[in-house]
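Between the sequences and the hints, there should be enough to build the whole structure, so can you do that?
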Amino acid sequence: MKKIFLLTLASVILISCSSGKNVEKRPAPISVKDGIFYKGSEPYYFIGANYWYGPLIGAQNIGDRERLIKELDLMKSQGIDNLRILVGAEGGTQDFQVKPALQPQQGEYNQDLLDGLDFLLAEMAKREMYAVLYLNNNWIWSGGMSAYLEWNGYGEVANPFLDKYSWEDYFQYTQQFHTCTPCREAFIDHVKFIVGRTNQYTGLKYTDDTTIMSWQVANEPRIFTEEDRQPFRIWLKEVVDLLDNLDQNTLISTGAEGKASYLQDLNEYESLHSNPKIDYLTAHMWPKNWGWYDIENEKGSLKVSIDNAYNYISEHVEVAQMLNKPIVLSEFGFPREKESLALTASVENRNEFYEALFLKLKESHNEKGQLAGANFWGFGGFAKTDQKRGKWEVGDDFSGDPPQEPQGLNTVFAQDESTLKLIRDYNKMINPEAVQD
1 MKKIFLLTLA
11 SVILISCSSG
21 KNVEKRPAPI
31 SVKDGIFYKG
41 SEPYYFIGAN
51 YWYGPLIGAQ
61 NIGDRERLIK
71 ELDLMKSQGI
81 DNLRILVGAE
91 GGTQDFQVKP
101 ALQPQQGEYN
111 QDLLDGLDFL
121 LAEMAKREMY
131 AVLYLNNNWI
141 WSGGMSAYLE
151 WNGYGEVANP
161 FLDKYSWEDY
171 FQYTQQFHTC
181 TPCREAFIDH
191 VKFIVGRTNQ
201 YTGLKYTDDT
211 TIMSWQVANE
221 PRIFTEEDRQ
231 PFRIWLKEVV
241 DLLDNLDQNT
251 LISTGAEGKA
261 SYLQDLNEYE
271 SLHSNPKIDY
281 LTAHMWPKNW
291 GWYDIENEKG
301 SLKVSIDNAY
311 NYISEHVEVA
321 QMLNKPIVLS
331 EFGFPREKES
341 LALTASVENR
351 NEFYEALFLK
361 LKESHNEKGQ
371 LAGANFWGFG
381 GFAKTDQKRG
391 KWEVGDDFSG
401 DPPQEPQGLN
411 TVFAQDESTL
421 KLIRDYNKMI
431 NPEAVQD
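The end of the sequence shown is residue 437 by UniProt numbering, with every number in the run present.
It should be emphasised that the hints constitute simulated quantities derived from the structure, not laboratory data.
There may be inaccurate statements among the hints.
Said to hold, decoys possible - Derived BS3-like pairs (lysine-lysine); straight-line CA-CA distance at most 27 Å:
| hint | residue 1 | residue 2 |
| --- | --- | --- |
| 1 | 288 | 421 |
| 2 | 205 | 25 |
| 3 | 391 | 164 |
| 4 | 99 | 164 |
| 5 | 388 | 99 |
This is how it looks when you write it as structure tokens:
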């Protein structure tokens with residue numbers, strides 16, 4: 001397959017850039033060969049994290065770089081070397097949205113947040129960590145597709161967190177993005193702007209930076225209705241073709257939840273991901289959101305959640321095997337006992353669910369199978385959250401949970417030592433080079 005990085009090993013170790021800046025260390029390039037990931041010349045399997053807010057706390061003015069450094073160091077010590085990251089939010093005018101936005105208005109950028117993205121990538125490079133950067137969002141919590149629609153005359157966003165709108169209203173509103181020509185053109189301009197960027201800290205073009213493992217089209221891009229199938233197909237191909245044209249060095253993924261993104265149609269998932277320019281598959285796993293987990297029957301529904309997760313994994317891995325491509329569980333989450341936000345609440349059920357997924361990943365690693373990675377949602381590090389109020393407000397620390405959700409619901413904090421030990425133990429089995437003793 002394509003995406004075999006052209007740089008020599010010597011250039012990875014020490015590169016003198018045209019800007020005069022030196023990059024002393026960078027991670028080995030990630031490529032796909034024979035249906036699995038390779039880090040340099042060795043197979044690559046990993047347990048990583050969702051770290052969507054990294055560029056926000058990496059920003060020089062509004063960020064918290066001391067916290068960022070501590071969190072990167074902590075993750076690296078656990079072998080977490082793969083981070084799934086939001087490039088930036090759009091709009092930032094709605095309730096329960098990320099603020100500040102990278103793109104407050106269409107085509108206008110917050111330079112401090114661009115600086116934060118550069119700084120984050122530069123610090124990750126020092127630790128030989130990889131970034132999966134998603135460029136848009138299906139959901140309103142970071143603006144995403146709905147922001148482009150509002151910018152281009154489609155009226156008020158049907159915000160489902162306001163009493164006057166339902167989720168069905170939001171779905172009907174947001175699916176218009178796939179047929180909105182000015183929205184699509186603006187997003188293409190955004191993709192060109194980000195992919196064409198040069199990191200001011202390293203002097204490296206993003207397209208030459210092996211720290212960026214993958215461009216991801218969006219977070220959970222979704223077909224909403226039958227009438228949306230063909231417009232979605234056309235739009236997805238348009239973006240994948242663009243990314244492939246802009247950057248031959250970096251992997252491309254969609255950000256899909258699996259068949260849950262496509263009206264529960266596994267054949268659609270297979271068809272869309274058969275595109276040879278899409279280098280690997282993704283799937284997500286949400287027992288609470290998908291009705292598998294019951295707060296009134298936690299132990300019983302934990303078993304149901306694991307059984308359903310195994311079935312979901314198996315059918316998607318079969319597709320990956322047919323297409324001879326790796327697959328990553330790029331999101332999965334599980335709450336503390338009784339969905340408590342208190343750091344003292346038990347994480348026993350969460351750990352059991354995590355380990356069930358890790359066992360599948362370890363089995364795949366041992367067999368050099370297609371299931372190649374898992375990014376838990378999400379890492380909150382040293383965030384201080386309001387355990388009574390719950391949802392995020394301006395001025396609060398960012399945590400692993402997006403602004404519309406109770407802060408701490410699915411977050412793994414630095415204090416969650418048993419969960420971090422579990423992650424470290426399994427990374428030592430499947431990705432030992434990444435673990436720092």
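Verification of the hints:
Between residue 288 and residue 421 the alpha-carbon distance is near 24 Å, which keeps this suggested pair within the 27 Å criterion. For a cut-off of 27 Å, the pair hint linking residue 205 to residue 25 stands: about 15 Å separates their Cα positions. The hinted pair formed by residue 391 and residue 164 meets the criterion: a straight-line CA distance of about 20 Å does not exceed 27 Å. In summary, the hint linking residue 99 to residue 164 is supported, as the alpha carbons are separated by about 23 Å, within the 27 Å threshold.
Pair hint residue 388 plus residue 99 holds up; C-alpha atoms about 21 Å apart against a cutoff of 27 Å.
Hint check: no violations occur; every hint is consistent with the structure.
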